[in-house]
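Asker: Protein chains in written order, with the numbering used here: chain Y, 100 to 410; chain S, 10 to 165.
Hints in this document: simulated from the structure, not taken from any laboratory. A hint or two may mislead.
[As the list claims (entries may be wrong)] For lysine-lysine, the following DSBU-like pairs were computed, each having C-alpha atoms within a straight-line distance of at most 35 Å: (1) S:K117 - Y:K154; (2) S:K117 - Y:K110; (3) Y:K203 - Y:K246; (4) Y:K201 - Y:K327; (5) Y:K366 - Y:K203; (6) Y:K201 - Y:K345; (7) Y:K327 - S:K117; (8) Y:K201 - Y:K154; (9) Y:K302 - Y:K200.
The model shown is predicted, which means the values in this text are computed figures rather than measured ones.
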Amino acid sequence: MRFTDEELMRKVQEGFIVESEADMTETYKKALITQLTVQGDTELMSAPAYFMAAKDAPSTNTMVSATAIIQDEMGHANIAYRLLEDLGVDRDELLYERPAKKFKNPYGFDQPLVNWAELVTANGLYDRAGITLLGDVHRHTSYGPLKRGLVKVGMEENFHLRHGEVWMRRLCEAGGEAREMVQHSVDWMFPMGVEWFGMPDEKKHHNAQLDFKLKGMTNDQLRQTWLKAVVPLCDELSIDVPAHVKPDTEEVELEFEFPVQYDPGAKRWLFDEPITWDEVWDRWRARGPMNEQFVDWMRVSRYSVEGLLEA
Amino acid sequence: MTLVQLERRAARGAESASLEQGMNFAAVLAESRGEAHPLPAPPAWESPPADLAERAHRALYEVSDPEFPISLVDLGLIYDVAADESTGGVTVSLTFTATACPCTDFIKWDVRERLLAEPGIDTVEIEVVWDPPWSTARVTERGRGILERAGIALIT
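Same shape as in the complex, but just chain S:
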């Protein structure tokens, strides 16, 4: 709903198996409570993060969009992550998929909560950016795969 340009793929027959896998109903039922989204694991990093900013950016792969099982990074919402190693302050520039996004508070709470759980991060500033605006072109290649497995195709 927030992603007005996203539309459910008309999946039939053989595709229902992949629908089942991507479905988060099942996960909700299985775990009686807790994580509503079975967010895919973050990418397998080949090297440790170079600095605090990179570590913070990687942590955001663990923050899910409130509606779709995709990380904020893969959805293309994160524009920049800056960090001051000496103060432990992190500034995240991010956008939303629409100005009328119903989940802005939830996304900000989740970003803040995840980053503050990271050792060495003491303060989190969130800067909301509207220019350039989000579009489906900002969804990562990995993100496209994740959405497809969840039964959602991007309209470009």
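Chain Y extracted, bound-state conformation:
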């Protein structure tokens, strides 16, 4: 170790870029490994969720777009896992032996996506969350290999976002049932997105990711960035969301007591049931309905094909 935690914190705040383990401290490395695991797992577990809904694509051409997005996400996951390998993490163990419950993807990707409207709304809302988070990491991270790896990710995520927003608009303009499906998707995915950014700053006292410049913005700042994009989009599409832009400050204000309880079976938020962050953590740890199955989908062919090869 060349530096103490305090020295490294000061150096990265002054613009020092960490290139290898020799530049890290144990605390830095641990925080980086956690961040990359969340990043890789989120990209990876978006794939089965999107795949589930891509089967509902309205044409061959749109199916190609949807599956291209899935392929991109797998590639993005690979970038994160590849970086983890450089830090001595066993990728095989991570992907194939870890219990499904230990995957660190957000609760939103433990939920089933059942139709085209849900897929494109997920592209519009969740990929926007991804761009918000990873865009901040790209701009601020003190870890050089990650900063470079995120260039390709950013360009591709832009297409996913565009795919989502353009299709949300097309469905809304079609009116009738198509518009209702978008509204229904937003109803359950919007609060999911608000929760995506984690605990409010006032409850989070110490943050190694910020101290070591593994990211630049706080949870609340990132959440606000996302809200400032998503709420005006929904307003423009005349899709109702429980939030509004405050005219004087242009900040977005939620119209519900956050956080609240979620009923995954009914895909419904219980807005009259505010909960504590401990209870949110309990719900996240219990995992959503598709967690096991999505991890299984990712693993099953490997085991079945391996069995054939060994027979």
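Put chain S on the given structure of chain Y with help from the hints.
Answerer: Leaving out everything else, chain S in the frame of chain Y:
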């Protein structure tokens, strides 16, 4: 991803400054919504367009590839632009970087939308051409510079 022959340049150290400039994450964050791509400005034309076809062709410098911050013209996708001044009809012959391009609809929508915004253009026909096929050799000199600044090098 669509451009199978494109690969991210292994940029290190000093190059991270240029990566930052070419990066469109930053732009997405800065503007909360709207243009996802900070498409470079079209070339500075020395003279006004000679005719409607040329005007339409120049307008296509403002249409970005859906994934990379480069215009369809600089990427080499536009093969021909023909126009009938009397009817305001424009026909664009274009190709895609691959038959399995995931963005074909998006590209066609964008071309149509941009051209219909041009005064004097009332109808737009798009003809997809596969022969000759696209290759990296079709990317313009200007386009190569744009891609490099975005952290992408062409493999030829």
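Asker: Return the numbers of the hints above that this structure violates; sort them in rising order.
Answerer: 2 and 6
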